[in-house]
Amino acid sequence: MSQSIKQQNTRPQWQADLYVYFRGRSFVIQVVLFILVIVASVWSLMVGAVSIPVQVTINTLFDLDGDQQKYIILKSRLPRVVLALLTGGALAISGAIIQAIIRNPLASPKIIGVNSGAALFACLMIILLPDIPASYLPLAACIGGILAALIIFFATFGRNLSGVHLALVGIAVGFICESGVDYILVALPTHEIATPLVWLTGSFWGRSWTHVYAVWLPLCTMAAVGLTMAYRLDILHLGAETATGLGLNVQVQRLALLLIATLLASISVGVAGVLGFVGLMAPHIARRLVGGNHRLVLPTSALVGMLLVVMADGAGRAIFPPIEISAGILTAIFGAPFFIYIMLTSAKD
Amino acid sequence: MTITLTNINSGYDGFSLKNISLTIEQGKFTALIGPNGCGKSTLLKTIGRIIKAKSGSVKIGDLNVLRERPKKVAQTIAYLPQNPEIPSAINVEQLVSYGRAPYQSVLGIKSARDVELVDEAIHLASINDLRKNNVAELSGGQRQRAFIAMALAQDTPYIMLDEPTTFLDIKYQYEVLDLIKKLTLKGHTCIVVLHDIAQAARYADNIVVMREGEIYAQGSPEEIVTQKMVQNVYDLDCLIHPDPITNTPIISPKLSN
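As you go down the protein sequences, you meet chains A and B in turn.
Count along the first sequence from 1, then add 755; that gives the number in our numbering.
Count along the second sequence from 1, then add 59; that gives the number in our numbering.
Hints were generated in silico from the structure; no laboratory data involved.
We put the beta carbon where it would ideally sit given N, CA and C, even for glycine.
Check before you lean on any hint, since a few could be wrong.
[Stated by the list, open to error] Partial list, derived from the structure: chain A residues whose beta carbon lies under 7 Å from chain B: (1) 937; (2) 986; (3) 993; (4) 994; (5) 997; (6) 999; (7) 1000; (8) 1002; (9) 1004; (10) 1042.
[As the list claims (entries may be wrong)] Here are the in silico distance ranges between beta carbons for each label pair: (11) B:96 <-> A:1088: 46 to 56 Å; (12) B:123 <-> A:963: 55 to 65 Å; (13) A:982 <-> B:86: 37 to 47 Å; (14) B:254 <-> A:767: 42 to 52 Å; (15) A:1099 <-> B:192: 21 to 31 Å; (16) B:142 <-> A:776: 26 to 36 Å.
Work out the full structure, taking the sequences as your base and the hints as a guide.
Structure below.
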């Protein structure tokens, strides 16, 4: 094959590729999504038991206005919005990674047992250690999610962590955990059920800056690692044999990526409760928008996840103030019809 | 350089390759044939280190394939599985460019050379018109050529294909075989598992016959494709006669009653 590299074009290839990307459809879609996320976040700051006009909200954010609204916006609503962005993005990236590895459109963080493991541990903590304050719930949930995922990994490791086995073992572990949750919910006295129930539906109620401080760094780090490994997902998506032939250590890469996905999902579920649908839906929407290149799919799906969760949280406060509807319920109610529409209009897969 | 296998033992739980030693010549089209379950796919995967050999060695010149870094192996041998999984929402050009992965960092940033080789591979496989088509929407023959182009973009001296003609209409089978022949004429060493004895005899320079995890025979098509071989390996009574066009052996089974 020819040895000489064409010299007429002095621009390095990556610059040319970046230029193509900035001129392309995917970039426009990502910019639009980004703007929508900002708008939805500001809207979410405005709505709730006390609604605050746009001008006042923006002034408060840039420290221009008096401290009347400061408490509501900065102390109560802003941490919720930040958490919604973090967990929405994290769950979406987690889902996209899992779908790429398991090669199954039904895959989501739920399939590696994260949701049910987290739910079981949260409920266990509530009945076994009633004296510990509820602010430790996220920690217990996170540990439960990771444990469930580890059980599933170990059970399937010898089998290449391949799609079908992973999914089946995941479903089985999920069932066990869910029966545990059901048992606890039935056994608990009625007045104690409220805490786990609200948490189980996925809600940002009562979340504060303390929660944000606890999760932002691990979530951002894991998301960044996940994003840099996006190209590996493209290769893994070609199947184990082809990926091995292309020089990838498939076992190690799958395990590393699944661990990232597990951490992202467990931490999110820990702090926000079971927002199960985001991890399934956001990657599908993203793939429909930008195609199958994971370097585009991961960021796009993070933006979609952020948008979904911020809107769900805002809407939950806006619909019947001062009563709140859980974000998890609303992501499902708003997301599902859109999801079904997308599935019905997509010809293939 | 020739590929040299020495005392290879390999395989899955219920099946194994037994103590295989074999040399495969450089720049030739070598066909692996044998009945189902004889181990020809396993042998191919073992050479390309898709599955790990239990013992023995695979050497290409100084390169110890079984101990080398995965990327280095992928820069030397391209392997195309029998049923490559079809990626969703990926176009042909993207698929072919994945062939450059062994030369790229984690981020998969392309160099000018990558773009050049992807272009070359696409032209060689005659799929230039399909560049922007979704791989999932291609016909069987087009898809197989797209995957072969991916293997070509890997720019390796050795190319291994596992039954590349299975599931293709007859016209596309010959298109794919012609393409592989073209690659050997360009200096690539191709090792191809084939199902059809006549096709192997027509296209291959060398044929390796396998039976029950062992090498039964190796040699030129005329030496290999004999009544006795077909009887012993495939348990089929047949007559051998020359192909009217290429003069290579083809088989006609005798009636069973």
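In rising order, the numbers of the hints this structure does not comply with: Result: hint 1 breaks, nothing else.
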